[in-house]
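> If you want the building blocks of each chain, they are given just below.
Number of protein chains: 4
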Amino acid sequence: MAPAGGPRADRGILERLEGGEVVIGDGSFLITLEKRGYVKAGLWTPEAVVEHPDAVRQLHMEFLRAGSNVMQTFTFSASEDNMEGKWEDVNAAACDLAREVAGKGNALVAGSLCQTSVYRHHGDEARVKKLFRLQLEVFVRKNVDFLIAEYFEHIEEAVWAVEVLKETGKPVAATMCIGPEGDVRGVTPGACAVKLVEAGASIVGVNCRFGPRVSLKTVRLMKEGLGAAGLKAHFMVQSLGFHTPDCGKGGFVDLPEYPFGLEPRVATRWDIQKYAREAYNLGVRYIGGCCGFEPYHIRAIAEELAPERGFLPPASEKHGSWGSGLDMHTKPWIRARTQREYWESLLPASGRPFCPSLSKPDA
Amino acid sequence: MAPAGGPRADRGILERLEGGEVVIGDGSFLITLEKRGYVKAGLWTPEAVVEHPDAVRQLHMEFLRAGSNVMQTFTFSASEDNMEGKWEDVNAAACDLAREVAGKGNALVAGSLCQTSVYRHHGDEARVKKLFRLQLEVFVRKNVDFLIAEYFEHIEEAVWAVEVLKETGKPVAATMCIGPEGDVRGVTPGACAVKLVEAGASIVGVNCRFGPRVSLKTVRLMKEGLGAAGLKAHFMVQSLGFHTPDCGKGGFVDLPEYPFGLEPRVATRWDIQKYAREAYNLGVRYIGGCCGFEPYHIRAIAEELAPERGFLPPASEKHGSWGSGLDMHTKPWIRARTQREYWESLLPASGRPFCPSLSKPDA
Amino acid sequence: MAPAGGPRADRGILERLEGGEVVIGDGSFLITLEKRGYVKAGLWTPEAVVEHPDAVRQLHMEFLRAGSNVMQTFTFSASEDNMEGKWEDVNAAACDLAREVAGKGNALVAGSLCQTSVYRHHGDEARVKKLFRLQLEVFVRKNVDFLIAEYFEHIEEAVWAVEVLKETGKPVAATMCIGPEGDVRGVTPGACAVKLVEAGASIVGVNCRFGPRVSLKTVRLMKEGLGAAGLKAHFMVQSLGFHTPDCGKGGFVDLPEYPFGLEPRVATRWDIQKYAREAYNLGVRYIGGCCGFEPYHIRAIAEELAPERGFLPPASEKHGSWGSGLDMHTKPWIRARTQREYWESLLPASGRPFCPSLSKPDA
Amino acid sequence: MAPAGGPRADRGILERLEGGEVVIGDGSFLITLEKRGYVKAGLWTPEAVVEHPDAVRQLHMEFLRAGSNVMQTFTFSASEDNMEGKWEDVNAAACDLAREVAGKGNALVAGSLCQTSVYRHHGDEARVKKLFRLQLEVFVRKNVDFLIAEYFEHIEEAVWAVEVLKETGKPVAATMCIGPEGDVRGVTPGACAVKLVEAGASIVGVNCRFGPRVSLKTVRLMKEGLGAAGLKAHFMVQSLGFHTPDCGKGGFVDLPEYPFGLEPRVATRWDIQKYAREAYNLGVRYIGGCCGFEPYHIRAIAEELAPERGFLPPASEKHGSWGSGLDMHTKPWIRARTQREYWESLLPASGRPFCPSLSKPDA
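Chains C, H, E and V, in that order, are what the protein sequence lines are. No gaps in the numbering here: position 90 of the first sequence is 90 in the UniProt record's numbering, and each next residue is one more. No gaps in the numbering here: position 210 of the second sequence is 210 in the UniProt record's numbering, and each next residue is one more. No gaps in the numbering here: position 81 of the third sequence is 81 in the UniProt record's numbering, and each next residue is one more. No gaps in the numbering here: position 289 of the fourth sequence is 289 in the UniProt record's numbering, and each next residue is one more.
Worth flagging that the hints you see were computed from the coordinates, not collected in a lab. Check before you lean on any hint, since a few could be wrong.
Some chain C residues flagged as far from chain E (calculated, every beta-carbon gap over 12 Å) [as the list claims (entries may be wrong)]:
{"#": "1", "residue": "Gly19"}
{"#": "2", "residue": "Ala41"}
{"#": "3", "residue": "Pro53"}
{"#": "4", "residue": "Asn82"}
{"#": "5", "residue": "Lys166"}
{"#": "6", "residue": "Thr168"}
{"#": "7", "residue": "Gly230"}
{"#": "8", "residue": "Leu347"}
{"#": "9", "residue": "Ser350"}
{"#": "10", "residue": "Arg352"}
{"#": "11", "residue": "Leu358"}
Mimicking BS3-like on lysine-lysine, the simulated pairs with C-alpha atoms at most 27 Å apart in a straight line are [claimed, not checked]:
{"#": "12", "chain 1": "V", "residue 1": "Lys249", "chain 2": "C", "residue 2": "Lys360"}
{"#": "13", "chain 1": "H", "residue 1": "Lys274", "chain 2": "E", "residue 2": "Lys166"}
{"#": "14", "chain 1": "H", "residue 1": "Lys142", "chain 2": "H", "residue 2": "Lys129"}
Computed from the model, here is a short list of chain C residues facing chain V with C-beta under 8 Å [to be verified]:
{"#": "15", "residue": "Pro353"}
{"#": "16", "residue": "Pro356"}
{"#": "17", "residue": "Ser357"}
Yeah, the Cβ is synthetic: ideal placement off N, Cα and C, and Gly gets one too.
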């Protein structure tokens, strides 16, 4: 891969949020690149950044075009314990790719790290923090704009991550992969939010494991928890692109359809417009997605909030809002679909009459 | 765009089919690139080949990695009547992109054209054939390996297309976008197949508009029709990646979910393995997909038929067959999903209890 | 049981039908009395007429109040081969009960017999006809008003039944328990209707095994068959009270839910109003029900066709048409349900999100 | 109606419960008799006891045969404010009918009263209690065995009812029509149970408005509330025969299907066996049903708990447990259904692919 780079964004994440802007995150890398042929389910490691940089760059580009203001480094699970030997190159290449694409659209680069397997097996603070610092050194060397600690099931480990990330002096966002029932040990969303803010996170929220509605419910509980504690923070939500009304505490990984039968649960663009609106109304200003969130879902956020933000994303040149691009169709009943009410009230059928609507989570 | 190119494939389409090989087609361009931000729904024209060649090249690459043996030029609706001014550059660029990627994997390039709006409005044979010849000149100049006339609702226009394509001396495949009820004027699938073969098509079948099961039913009727007429041909199927048990004669465009609410209908990889097996058992040897068919669906065809073909596609390095890549997951109930029986018997839930299973087609 | 009786009806079945009247049949005995505790599933014999006459009389009364103009003797499977020793008493008691209740409302009594197990095992015309004649002697002695041969899977046996019943000189109706695919041996509905009329049936149609929509489709085919043969008859439909879009040729007995899990398929009164209207529009003038058809379903037929008939049934004193009885409810949103449009457009939920919409028939 | 009567039961309700017996309640009168043609929806008053005593007697008989140990007087809403002029005759006739049938099977007669419209409009304790006393005088005169205050939305009015009923010296059961969210004003199930027991109820629980699963959840909360308060009582559950996972606080009356489109929600006998088992395991010993609970549902309770009770109800002569009555069916795949596992694992289809699984409650 050629050395990458591009101009730095003009304003930082906190300047944007404090200025009242809506910041749009990016979407799904692991699940999306699995479907495109570059990530292996089960491992879920991002070696594609060195093996197939074109594929990763292209996905970054799609999110940028769709309206993302943040390019997260594709470094999920790229800690030394998961990718020994390769981890350093992977983290470096991921930073370069993110910066290269971010530079094409005044986007920010966020260095991203997640929970470790060391924590689960040993719970040893020193070892876990050492792993975080290894990745962090690359992020600092590559001069990412801010840091995200994401996909933490345990508030204790998330706090450790925030503590380490804070050492850099860069803004820190922290999101947990929990639902309304709280973390693995039952710490409530509100209590989690308090601990994250106390540890130094400027932005808190949730990512992954639960669908749009459930994720917003969890953020609401976080907000209430912070409010009750007299604390303040910016809020962030990056939900699944899948509907999960039937999830248990463990989220979508416990659904019998995970990970190879989730198709019928994929959100429509209209579902995501609703999610964006509800997130906005809840006071969340950093809105993106996680597994299952495709570029057009990100575009849906940007289109829903275009009135507030004052502009549409580049990819909207290829999308008439609320289906208006259909107005030239030859069939009149398809032209009749070019209205907000049509799509808002649509109850999309599964085409699967032998399948149920909900599943019982395993375990 | 730089002039593209790559080595030509070693054997032609007819040599492969006559030698008993299974040829794997490619998948969805319009719908997939719409979701990635490069195609406008309603127009459905492929200007992306000149505007965003990297995005189109990447999608070709994904299908190649997934196992496609044919790169169809992304020239759907790129006739002079739909894209005046731009059509010639678009057709040329599409041929170059297809050849460039095909050359990386011994794949064939198929020049592809589809039904015209002129036919619908005027039904004038001379004008329609002239449009076909314009596109065809580019295909010939770019030396595509064979030709596909696809997405025809009227057998009459499809026959005209085959007649024109035959003039080149290259092999011709012809697929109609019809279901078991036949073409717009009620010509049965069997009668359509007879006319196409009599006009000179070596390969016949269906593409688009109907899901896997319905498409195979239509091909079966075509096969029976040819058999009854004492004719022979190779068979081809490129179905939707959506389940459409509730379609009427017009196919998925008449479903109320078209085109922005089809998500719950997307086939799983296991649905497509079943489709590949049934197609194979029916004697179909050119098996691919159309709208909604993502790279992992193509990979599913290649994996299902790997025993017959003797090899796996490149992208299977990132996929353990029947979920075996999950065998290292930390949760035992997820590891338990690494078996064929689990995924074959899964009835995936929609996660949408307020939605129906089937819709009533409009019109 | 005391000898029963009551005044005879003023006009016969053919006078009524030829006069242009709509004749409303009765509904479910076996399935309904199974749920009430008086019939054993699997056996499906009507010993309740002697064991628990009050229960049977009450059900006759409910159908009479609901608008039935015909009381069928509850003599299903009461042939000598199924109920040896008891059959004669059962047939006699059933006639008395039917006459007693019919006399309270100017209804007709129809002696009813159905297919035999002897036919299936031996196919011996003489033995089968002898069985029919045994039951028929009781019907004649009890002076029923007309005769119904119902629930025949084989047209051959149905024809034998009609031939025997014709010997009495009474009007004969004949209904088969078939769907659009025809009888067990593939004789089409149209051909079945022709044979029944040629054998002497004045009224032909279908009963049981298929739901309202499928049953009407079958009657339509019968009508077309008679028309093509230049024959005439009155038409009759007595469908299931269950929805069966997923039935195969064998009808509802092959559904995995038969007979103890059919609840989610029970038709609403509004479904039955639609059925009555469609039957009427098709030219059917004898409209009733079979298994699963409860008294309120019969009332729904009578209410739907009240404009044509000019009167409501007695039980409508306890039912405001299209929900108007709710107009005094204390909750305004329940009062808002008192309109035709509300109930006609209602899509009733199953309350079972873990269950599918359709089943695959066994066998 | 002739004065009715029959032998008194040998032991009272408290003797039975304290002796560890399972007492089986009865089921649906209003909804069931609406379908049979004797009750008007919206009014929901029991004038049928004088207008059509045979129909009411028959339903009592069916419940008795199915295993009910209690005949509740059919006096729902039969208070002076709802049925002026008629109320006294109705209450008297209802007592006579209940006693007549109870005497045929050693069942108890329970005088039943429910919430008043006066409470909702005026909230005047004296007026409400006066209404209760009017009904109660008839119950005492007719010497019912015990009293049930049922279908109360407000704990305050329920307590008033218990206070009045206690004046008779007869045992008092009290059930509220609430779900886990508690009464109209938000009093929790646990707190409701405490107030009812403190007011003098010996048996507490829930009836109506919610399906089997939700009702048991509510009773569990009641039990926990009593336990926390150091109080004791017998527990009782009489749930709907409809599945209502989608109900809000107001229960099934707020579902859009109420009351004329609830068919797809009707529980199967197997659902009720599960309900009976779970109720038993929870320590509930008075188990019956309310709206939608048909005689065969009551039989299902009796059959499920036959091992504990040592006997089957009379109606089981017409029912082979777990489908065993099918063992003589001619089709082998129907004979194969005669096993517990088959019916326990059955996921019954709705036959309605155009309908959703759940509804959104109105209001």
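> Now tell me, hint by hint, if it's right for this structure.
Cross-check of the supplied hints:
| no. | hint | verdict |
| --- | --- | --- |
| 1 | Gly19 | 44 Å, holds |
| 2 | Ala41 | 26 Å, holds |
| 3 | Pro53 | 44 Å, holds |
| 4 | Asn82 | 36 Å, holds |
| 5 | Lys166 | 44 Å, holds |
| 6 | Thr168 | 47 Å, holds |
| 7 | Gly230 | 41 Å, holds |
| 8 | Leu347 | 9 Å, violated |
| 9 | Ser350 | 9 Å, violated |
| 10 | Arg352 | 8 Å, violated |
| 11 | Leu358 | 4 Å, violated |
| 12 | Lys249/V x Lys360/C | 24 Å, holds |
| 13 | Lys274/H x Lys166/E | 55 Å, violated |
| 14 | Lys142/H x Lys129/H | 20 Å, holds |
| 15 | Pro353 | 4 Å, holds |
| 16 | Pro356 | 7 Å, holds |
| 17 | Ser357 | 4 Å, holds |
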